[in-house]
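Novice: Protein chains in written order, with full-length UniProt numbering: chain R, 1 to 230; chain S, 1 to 547; chain C, 1 to 371.
If you're looking for bench data, these hints aren't it; they were derived computationally from the structure. Among the clues, some could well be false.
Unchecked claim - Chain C is nowhere near these chain S residues, computed Cβ spacing over 12 Å in every case:
id, residue
1, Met53
2, Ala58
3, Arg128
4, Val141
5, Met142
6, Met144
7, Gly182
8, Leu224
9, Arg498
Claimed, not checked - Once the Cα atoms are required to be at most 30 Å apart in a straight line, the calculated DSBU-like pairs of lysine-lysine come out as:
id, chain 1, residue 1, chain 2, residue 2
10, C, Lys184, S, Lys145
11, C, Lys88, S, Lys145
12, C, Lys267, S, Lys233
13, C, Lys218, S, Lys145
14, C, Lys168, S, Lys145
Positions of the beta carbon are idealized from the N, C-alpha and C atoms, including for glycine.
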Amino acid sequence: MAYVEVSGLRYAYGGGRDNVFNGFSLSLEKGQTAGLLGPSGSGKSTLLRLLAGLDAPLDGRIAIGGTLMAGGSVFVQPERRGVGLVFQDYALFPHMTVGQNVAFGLRGMSRPERRKVVGEMLGMVRLEDFAKRYPHELSGGQQQRAAFARALAPRPRLLLLDEPFSNLDADLKASIRRELKQLLRQTGITSILVTHDREDAEAICDTIIMMPSGDKRETVSAPEPAVVRL
Amino acid sequence: MKTLLLRRWKQRFGAWSVISGIGAVLALLPSLYILAGLLGKPGENWAHITEYMLLDYALESLLLTGGTVVLASLAGIVLAWLTVAYDYPLRRFFSFVFLLPLAIPPYIAAYTYSSMLSYTGSVQTWLREMGVAVNQNYFDVMSMKGAIIIFSLFLFPYVYLMVRSFLEKHSASFVESARLLGRNPLSVFFRVALPLSTGAVVGGASLVAFEVLNDYGVSKHFGLQTFTAAIFKTWFGMYDIDSALRLAASLMALIIGIFVIERLLRRRKRYHIPANRSVPLTRRKLKGPVAWLAVIFSSFIALLSFFLPVVQLLIWAWWTFEDVWNEKFVGMLSNTLLVSCFTVVITMFFAVVASNVNRQWRSPLSLTVGRLLSMGYSIPGAVLSIGVLAVFLSVDKRLAGVYAALGLGHNKLVLSMSLVMVVFAYSIRFLAVGYNAMDSGFDRIGNKYSEASRTMGNGMTATFFKVDLPLVKGAVLAGGIMVFLEVVKELPLTLLLRPFNFDTLATKAYQYASDEQIHQAALPSLLIIALGIGSVCLYHWLGRRKS
Amino acid sequence: MRNKIVAGVLTFLSAAVIVTGCGGTNGGTKGENNSGTNGASPSASAEATAKPEKSGVVNVFTARHYDIDFAMFDQFEKETGITVNEIKGTAEELVERMKREGESSEADLFITVDGGVLNYAKESGVLQPIESETLFSNVPEKFRDKDNNWVALASRARVIVYAKDRVKPEQLSTYEALAEPQWKGKVVARSSTNMYNQSLIASFIELNGEAKTEEWAKGIVANFARDPEGGDRDQAKALAAGIADVAIMNTYYVGQMLHSKDAEEVKVAENIGVFFPNQETTGTHLNISGIGLAAHAKNKENALKLAEYMTSKEGQEMLTNGSFEFPVNPAAELPQLLKEWGQFKTQDIQYAQLGVNNKAATELLNRSGWK
């Protein structure tokens with residue numbers, strides 16, 4: 001039983017007839033980093049939203065960490081799934097400090113415990129000195145690191161990243177790529193990365209799933225993903 | 001140096017800027033007259049007023065405004081969140097219905113409710129027939145409490161609209177991130193959605209505040225001693241324009257205070273929230289008893305703020321149709337439409353010109369012009385009337401020679417007490433509405449199209465007609481509709497400035513109600529509401545079409 | 001392109017000019033006919049600018065909006081063929097307009113409620129003396145201006161009404177008594193911003209002096225069961241609802257409510273009694289509605305004819321049966337209800353004083369906290 005199991009997934013926008021996915025399947029082992037590669041409009045972000053529970057599939061099963069998240073009559077709400085998602089625009093809460101942002105997902109901890117975790121996370125992304133700053137005071141790269149820290153802090157089962165590099169310029173990309181890869185290795189977290197840039201995917205991911213473009217949408221299935229050794 | 005200035009001049013001061021500037025000066029005149037009037041010695045009444053009445057007026061106005069702002073904001077925020085973040089049966093229907101109270105002017109709601117709930121009204125009569133003993137304290141609508149509730153019920157859509165629009169366009173990623181970080185929906189609301197919406201709440205709340213301060217009908221009917229009611233009383237009851245002017249100035253001071261507070265509240269937010277994502281917020285489906293709770297709550301609000309008063313008015317109109325409908329009535333209807341259309345044309349003209357100038361140059365001057373033009377909205381109708389009347393009286397005096405030469409007689413007042421004055425006043429008051437619509441419209445298309453056109457050799461006017469107008473006609477339409485609606489509903493300014501024997505639907509309804517003929521007021525009221533609903537529907541449909 | 005702007009500005013300016021013209025037709029600054037009888041207007045407008053005396057028109061500036069007035073005008077038109085044009089407004093608006101228009105004003109008659117307002121119109125110089133034997137015989141001297149600038153049309157008393165099931169008439173005597181402690185929490189009245197109350201107080205100032213009146217006002221305010229709200233009819237409803245036991249109200253409202261189409265209003269009116277106060281002392285407060293002849297009336301003959309009609313036995317009987325005000329013409333027969341009320345002693349003051357004392361009355365009311 002793979003750590004992330006998607007089978008027979010069917011989804012269409014607005015419940016209409018135009019299927020984005022029809023019989024899609026995917027499996028991921030624990031600790032793996034998968035890249036979803038494909039042109040825009042191929043439904044990559046949609047898959048992330050389905051995994052996160054922000055949208056519900058019309059058919060099929062999604063199981064994460066052995067727990068059924070969607071399938072049959074089961075549907076687990078996003079706040080219960082333990083899935084982290086870093087949006088393309090980071091969505092750092094502008095009215096909270098970086099530290100408060102990172103602490104946001106930490107529930108059921110005492111104040112000193114929370115502070116410790118926040119400190120650890122910020123240390124991991126090298127933003128220790130920025131805890132009291134506000135997001136709009138940070139540069140693009142710093143904001144992204146903060147977004148990572150926030151998503152990782154609650155130790156999610158699965159981390160989803162939506163086009164993490166699209167807002168960065170070329171030199172920054174290279175260093176962030178390295179950092180991200182190291183972060184993912186360090187935490188050993190299972191993750192899926194969505195991107196349209198092949199190089200990004202090759203730099204970071206263990207496996208790459210090719211999402212076919214528009215006209216081949218009918219059956220998107222990749223039981224044996226093309227594996228690219230790094 | 002001189003050539004640089006000259007170039008700047010040529011660049012900046014084309015016909016468009018000039019028109020815009022003229023508009024701003026015209027809009028400023030009434031306020032200047034009011035301020036100038038303060039420089040004279042106060043009349044003898046003023047001492048009496050300051051000693052006995054001024055504090056009461058201030059307190060009453062503040063209490064009424066503050067209470068309404070709080071209650072209306074509460075309702076607006078809750079309903080906006082409910083309809084944006086959740087899905088429940090009939091949600092789409094309710095999201096639209098919550099806009100409809102805007103079609104019902106608060107003074108009409110006031111007459112309707114006070115009559116419905118009075119001892120001889122439908123509600124109490126029915127209760128008595130049911131054998132229920134009625135505790136009069138619950139039915140005392142004609143009080144400060146009643147006024148606050150009624151204002152809130154019919155003004156909350158301002159807050160609702162602004163918050164809902166904000167949440168729909170700007171909050172999706174934040175809300176979803178918060179959910180993914182494990183927060184339950186209530187926590188997401190209080191810790192994320194609400195703090196982020198404060199800008200929208202403040203914007204909507206100030207609109208509510210201006211509406212309350214502007215009101216005359218409700219205060220008069222309920223016997224509240226607000227500033228506007230006092231201005232009317234001093235002007236007409238005591239024949240003392242000077243004191244009325246000073247009261248107007250005091251009210252302006254209050255308004256400026258509100259402005260300052262609003263600015264302060266907005267300044268604290270140092271960040272700018274960009275519109276993110278074209279995918280709207282995914283709704284969370286409500287099930288079971290919670291869903292029913294949502295439906296019941298929404299129905300309750302919809303009933304009170306729209307269906308109940310409209311049904312009551314329909315019944316009364318049915319009773320009094322023969323009494324009220326006659327050829328004079330048709331004349332009144334056409335008066336209302338005539339005046340509204342003129343105002344829309346003039347207002348949108350200046351709004352388009354000024355906001356186009358502003359978005360081209362974005363200079364402090366053009367921004368100021370824009371602000372001056374929009375200032376009228378916050379000046380209560382009663383105050384504006386005094387200024388406008390003063391302006392026109394002095395113009396008429398200066399033109400007395402011209403009038404005599406044209407054979408119109410001596411000491412004639414041609415412009416004052418004519419439709420020109422009323423339309424002028426309306427335009428000043430409602431220009432902000434059109435301007436804001438145009439501002440957002442131009443914002444949405446940005447400058448690139450018009451700049452491309454300019455580099456291809458088209459002047460500003462040609463560019464506007466060929467390139468900009470097709471792109472922003474939605475905004476022009478939307479702005480025009482809102483101005484139309486505002487003019488149809490308008491009361492205090494019309495009462496004070498209209499030519500003699502010129503009745504609009506609003507003044508007619510007011511007159512019937514003040515003559516204690518509330519049932520007869522139903523028909524003109526319903527026509528206003530019908531025009532309002534039409535406008536709201538058009539506006540809503542336009543909004544949907546854009547997105 | 002520049003042409004388009006010029007064209008636009010020109011259109012705008014011409015629109016403004018047209019609108020001013022339209023303001024004339026609708027608003028009447030140019031003096032055409034408006035409202036009322038549109039059918040007769042073509043001929044009438046031609047005549048209005050021709051020889052006034054021969055035209056069949058009279059322009060009435062009226063601050064009374066009662067349906068019975070318009071019914072009377074219709075009846076007058078039928079009987080004489082003279083067209084009546086009504087220009088409605090508040091008294092202040094109308095007087096202001098007549099002042100401003102001066103000689104070119106097209107007002108013929110000025111009709112309003114309240115003796116004080118009639119006096120204000122006179123003082124503002126917009127009325128002229130009436131010379132009509134018929135009018136003098138229709139309207140007794142006490143109901144005429146001492147310089148005959150106006151004559152009364154009808155009168156109404158401002159009385160004490162009481163809840164029949166809780167109060168006996170024997171408990172009532174004077175206005176002054178309402179300020180006494182036994183009525184604490186049992187009195188309601190409408191706001192002091194209303195002219196009827198202001199004139200009531202003005203009459204008290206005339207009879208009893210400011211100091212005593214202010215004391216009384218403070219006393220009655222202390223006895224209010226609730227802050228003043230609503231009109232006179234709402235005070236009656238408050239009695240029916242048990243909020244208070246006595247109220248101050250105009251007599252004609254009682255008549256109108258008893259004959260109302262609204263069954264509930266009739267019920268309310270049936271349960272209140274009417275008491276004419278101060279019969280042993282200074283008399284009940286009476287106020288008048290009146291007609292004035294405009295200073296620059298262009299249709300003087302027709303105006304007088306209308307005034308004579310409205311004060312004739314026929315006109316007065318029509319009026320009193322429609323509005324339940326008291327007629328001024330002694331020859332007119334009263335409706336049953338008014339007959340039942342019988343004769344009563346009224347205040348002996350000049351109606352002009354109601355206007356003269358208005359400012360003092362308003363300030364007094366403000367000082368005494370009568371909202």
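Novice: What are the numbers of the hints that this structure violates, sorted from low to high?
Specialist: 1, 3, 4, 5, 6, 8, 9, 11, 12 and 14
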